[in-house]
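Protein chains: 2
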Amino acid sequence: MKIALAQLNYHIGNFESNTKKIIAAIGDAKLKGADLVVFAELAVCGYPPRDFLEFTEFVELCDHSIEEIAAACTDIACIIGAPTKNPRIEGKDLFNSAYFIEGGKITQVVNKALLPTYDVFDEYRYFEPSVSFSCIEFQGRKIALTICEDLWNINDNPLYISAPMDELVKESPDFMINIAASPFSYNHDDNRYKILSDNCKKYQLPLLYVNQVGSQTEIIFDGGSLVFNAQGEMLDQLNYFEEDLRVYEFDGTAITGLEKKEHNPLPDIEQIHQALILGIRDYFHKSGFSKAVLGLSGGIDSALVCALAAEALGPQNVMAVLMPSKYSTGHSVQDALDLVQNLGCKHEIIAIKDAADAFESMLAPVFEGLPFNVAEENIQARCRAVIVMAFSNKFGYILLNTSNKSECAVGYGTLYGDMAGAIGVLGDVYKTQVYQLANFINREREIIPQNSIVKPPSAELRPDQKDSDSLPEYDVLDKLLFQYIELKKSSRDIIAQGFDEQLVRKVIAMVNKAEFKRYQTPPILRVSPKAFGMGRRMPIVGKYLS
Amino acid sequence: MKIALAQLNYHIGNFESNTKKIIAAIGDAKLKGADLVVFAELAVCGYPPRDFLEFTEFVELCDHSIEEIAAACTDIACIIGAPTKNPRIEGKDLFNSAYFIEGGKITQVVNKALLPTYDVFDEYRYFEPSVSFSCIEFQGRKIALTICEDLWNINDNPLYISAPMDELVKESPDFMINIAASPFSYNHDDNRYKILSDNCKKYQLPLLYVNQVGSQTEIIFDGGSLVFNAQGEMLDQLNYFEEDLRVYEFDGTAITGLEKKEHNPLPDIEQIHQALILGIRDYFHKSGFSKAVLGLSGGIDSALVCALAAEALGPQNVMAVLMPSKYSTGHSVQDALDLVQNLGCKHEIIAIKDAADAFESMLAPVFEGLPFNVAEENIQARCRAVIVMAFSNKFGYILLNTSNKSECAVGYGTLYGDMAGAIGVLGDVYKTQVYQLANFINREREIIPQNSIVKPPSAELRPDQKDSDSLPEYDVLDKLLFQYIELKKSSRDIIAQGFDEQLVRKVIAMVNKAEFKRYQTPPILRVSPKAFGMGRRMPIVGKYLS
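Protein chains in written order, with the working numbering: chain Z, 55 to 600; chain C, 55 to 600.
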C-alpha cells in the first residue's frame, strides 16, 4: 500500500484556494502511484477557523469543499480534516473530524476526542469530544486514525482522563495515522518528536503524521511531518516551513525502503528566523498585500525587522522611513542609511521636529509650568506613527511593528506610537534573541550595521536616554521574564533562583500593569511556547502582583 | 433555617479587598440572624480570573483567603466559590468549586460540571468538569448546590450531554442553591429568569440564586440575584447594579413570608444606561484612577460618553477636549460647549490645524501630486489622539473611547486616532441605540444638546462629509449588522429577509475586513449578547465573505 503525505499551506476560509490546492495534491499523489493521500487537520477550512465555525454557512462551505474533493478521489483514497455536524441534539453542534474517502465517496468519519483548550487553542469552544472509536479498514488493513491532540495524552501530567489509542489498539490496527495542525514554537519540534515516538513505542505501531505548514496571522505551522517505525525510530521527515508531498510504502507490517534517521532540528535561532520570514510572507500574501512600511531608527529592532521583511517580501517591497527627532544621535541616521543600502530597500527621511514642535506649542497653554515628562516623549513616538500610517493610507503599505518581547512585557513602548502596526514581527522575540538573530543574519556578511548591534539600546526620546536608565540589563531582564511568562513561576520561586527580590517584584508589577497596552498591540508572530496575544489571556483590571 | 444571599462586587485578584468584603458580609449576615450565608461563583478571586489561574501562586492565594474566611465562619455556615486543585493526576489541574464551610472548617466541596466555553467564557481552558455529585447536608436538610452553568442545560439545544441536577435530585434534596457569575447583556435577564424558573418547575424545588455585581474590564455583572418557590414563581429579587444582602427563611419545605412577585425588568435602554455607568466607574476605581479625558466633537457619540462619564465619575473628574479642524463646522464647537456647560465638566479647546499642517508639509515631497484621500483624513483623527494622549500622559487622565458598535463593525474609524482609548464605552452600542440613550439622558431636561442629536452624523474630516456618503442609513445598517453579528445569519438568510443583496454583501465584507482594526481597539463594555472583543474571536488573515 502506497501512502502519500500532503503537507500543504492552507488559508483560513479561502475554500476556493484550499480546495484547488488539495485537488492538485490528489492528482500529484495519483501520479506518484499512491493508494491513499493524507491531508492535515481542518485542511478544507484552514486552522484555526475560530468563530467562523459558529456560522452555519461556513460549515456548509466546508461540506461543499468535501464534496468536490471526494469527486476527485477516483482511483485513490483520501483522509482529510474538516468540521462536521454533530447529529445528536445534546452537546456542541460540531465535531473536529477526519473524513475517509474511497471510490469518490465518504465511507467513514473519525471525530477528535481530545480538544486542546489552552494557550492559543479554543477547540472545546466549538467541538464536542468524541467518545466512540473505531479503526478505518482499507485494502484489508486497519488504520488507527487520530487527530492531533488525540496522541498527546501520554505524558506525566495528562490533560485528559482518557487516550483514544487505548481504545483503538483493542481492534489490533496495523499502523497509525495522525493528522495535525501543530503550531511552531522553537521548542515544539522536540516535544512533538518525543510524543509521537513514545506513541509508537507504547502501541508498537508505525506512524504516519501529517502537519500543516504556513502562517495564519500569528500562528505559524512549521510542517516537518514525520514517519516512524513501530520502534519509535524516525524514518523520514518532510520539509520545514514549506509545502511537501512524499509517498511511502507500507507492506502490511512496516514502512519499507527507509533507514532510521537522526532527528537533528536546526538551532532555535535558525528556526525562529525561518518562522518569522514565513510569518511575514504569509501575512502579506494571504491578506492580499505586497508592500511593507516601517520606521527605521538606526536601532537593532527596526533594523532586524527591515532585514526580515526584505527577505520575506523582496527589498523592493519594503519602505523604510527614517524619522529623526532632536534627540536622535547623528549616527542613528547613518546606521539606518547603511542598512537600507545593504538591503537595497526603499527609504525616505522625514524629520519629526515640525510636528512635534506644533504639538508642544498647541499644548503649551495647558502644560505651562509643568516639567518635560513621558507626555513629550510619547508625542515624538506618536508623530512617527502618524507619518508611517500616512504612508500606509496613501500607498497601501502595511505597517510592520518592531517592538520586541522584552519591551512588550514591561510596557516599554508608546501606545499608538512605536506600538502601532498590522503585525508584530518581534513581539515574541526577547531582546537577547534579537541580537542573536541579527548576528545570524550577518553570518556571511554585514547586513545589519555592526554599530546598530553594539551600541547601547535607546529610545532616543530625551537627551542621552538609554534603556538601562529605566530597565535592568537585558540579559538579566530576559531571564527573569522567561521565568515569569514562559514558566509561570511565582515571585517567590524566581527570587529563590538568586534574582534580586526588589527587581523581581518591580519587573513582575511592570508586566502586569502593562496588560492594558498589550491588549491593543498588533497580533504577534508566535515563535515561543508562550507568546503575548491569544495564547496569554490576562485580566486588565486585575490586581495580582501589580 | 435563615439563609443570607450576599451579592457583592469583587475585584479580580484583589484578595485583600475581596476577603475583607466577604468577612464583613459574614458579620452582617450573622447580625441579621442567618444560619448560612451564600456568596457567588469564584468570589474569592473575582470572575473571570483568566490565565491568573495558571499561576500556582494565584491559586495558593485563593486557598489562603478561604482559610481566613473559614476562620470568620463561627456561628454561621457559608457557601463560597473558589478554584480548587484537582487531586487526580489526569485531567486539568483545577476545579471551579463551591466550598461549604461550617464551624470554621471546610466540610464539603462541590465542583462545577458544566463549563461554559463560548462567547466570553473560557472555563474548560482551566477547569476539569466534575463527574460526581452529592447534596450538602446542613441542619438536617439537603441542599442541591450547583454552580452557575450547571443549571443551564435544560433548553431545546443543550450544550452538554448531562445535567447535574438530574443526579442530585436522586438524593431528594430540600432546595437548590446556585452560585453564579452571570454577566449582563440587555436580554440576559429574561433568559436567566426563565432558565432558573424552569429548573424549579422541573425539579419541584425552591431555588436561591446568588449572582455577582460589578464590572471587570469589559464584563459587567448586574446582580439581580433571585429567589424562587418550587413552582418556579419569583419570591424576591436583589438589587440590580449594586451590592445587596438579604436574608430568607426556609421552613424545611418552602421559603416563607414572601408573596409571588412579578418579574418586571427595566426597559433595555435603561438597563444599558446603568450598565455603562457601572462599567465606567468600576474600570476607573478598580484601576486606581479617578479622572477621564475624551475628545468632544459636538457629535452624538462623544456627547453621550461625556454625559455617562460625568454621571459615573463626577463632572469635576471629566476633561473634555474640543479639537476643531478646518473641516469642523462652527456649530460643532458650540454644541460641545453647550454640553460641557450642561454637565459642569472641565474643557479645553485645542485646534489641530498647526499639527495637521505640519504633517502635510513634512509629507508634501512624498505625497506630491497625489489627491487628498483617507491619508489626510486620518492625519487629523490621529492628531487628536496625540493631543488627548498627551493630556493622559501629563495629568494621569484615562482616555475614554467613543466609537459606537456600528462604526466598529464596518471599520468606520481611524486606528490610533478616534479608535484610541483605555476603555470603549459605546463599542457594544449600535448608533440607533446611541440616540435612544441620548434621549433617555435628556428625559427630564436637555443635557445633550438637541442639535447634537438631530444633525446628520459626520466625521468632519473633509468638506461637507456625512456618514451617509459611505454608509447606509443607520436604521438599515444596524438591523443588518444585528442579523450578522448577534444572530450569525448567512448573507443568503439576510437577503431573504428583504435587505438589498448588494448592500448585504458590501456590509458583511466591510465587517470582516475591519477585523484587523478591531483587534487593536480597547476593551469594550459588553452590554449585548455578542460584543466585539473576547467574546467574538475571528481570524484576521481569513478569507470568508470578505
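Quick caveat, the hints were computed from the structure, so don't treat them as lab data.
Please note: incorrect hints may appear among the correct ones.
Which copy is meant is left open, so a pair is good if it fits within one copy or across any two.
Pairs of lysine to any residue, SDA-like flavour, derived with a Cα cap of 20 Å [said to hold, decoys possible]: (1) Lys314 to Met592; (2) Lys520 to Asn566; (3) Lys256 to Gly286; (4) Lys542 to Pro510; (5) Lys248 to Thr486; (6) Lys159 to Ile77; (7) Lys400 to Val387; (8) Lys584 to Gln537; (9) Lys315 to Arg195; (10) Lys571 to His339; (11) Lys407 to Ala418; (12) Lys533 to Arg559; (13) Lys86 to Gly286; (14) Lys159 to Asn207; (15) Lys407 to Phe421; (16) Lys380 to Ser415; (17) Lys139 to Ser544; (18) Lys567 to Ser341.
It should be emphasised that the depicted structure is a prediction, and the values quoted were computed from it without experimental measurement.
Quick rundown of the hints versus the structure:
no.: 1; hint: Lys314 to Met592; verdict: neither (44 Å within a copy, 42 Å between copies)
no.: 2; hint: Lys520 to Asn566; verdict: neither (23 Å within a copy, 42 Å between copies)
no.: 3; hint: Lys256 to Gly286; verdict: within (9 Å within a copy, 54 Å between copies)
no.: 4; hint: Lys542 to Pro510; verdict: neither (30 Å within a copy, 52 Å between copies)
no.: 5; hint: Lys248 to Thr486; verdict: neither (28 Å within a copy, 57 Å between copies)
no.: 6; hint: Lys159 to Ile77; verdict: within (15 Å within a copy, 65 Å between copies)
no.: 7; hint: Lys400 to Val387; verdict: within (15 Å within a copy, 43 Å between copies)
no.: 8; hint: Lys584 to Gln537; verdict: within (11 Å within a copy, 36 Å between copies)
no.: 9; hint: Lys315 to Arg195; verdict: neither (26 Å within a copy, 67 Å between copies)
no.: 10; hint: Lys571 to His339; verdict: between (28 Å within a copy, 18 Å between copies)
no.: 11; hint: Lys407 to Ala418; verdict: both (16 Å within a copy, 15 Å between copies)
no.: 12; hint: Lys533 to Arg559; verdict: within (14 Å within a copy, 50 Å between copies)
no.: 13; hint: Lys86 to Gly286; verdict: neither (26 Å within a copy, 68 Å between copies)
no.: 14; hint: Lys159 to Asn207; verdict: neither (32 Å within a copy, 37 Å between copies)
no.: 15; hint: Lys407 to Phe421; verdict: both (19 Å within a copy, 19 Å between copies)
no.: 16; hint: Lys380 to Ser415; verdict: both (16 Å within a copy, 18 Å between copies)
no.: 17; hint: Lys139 to Ser544; verdict: between (43 Å within a copy, 17 Å between copies)
no.: 18; hint: Lys567 to Ser341; verdict: between (33 Å within a copy, 10 Å between copies)
Figure legend: structure checked against the earlier numbered hints; hints not met, in rising order: 1, 2, 4, 5, 9, 13 and 14.
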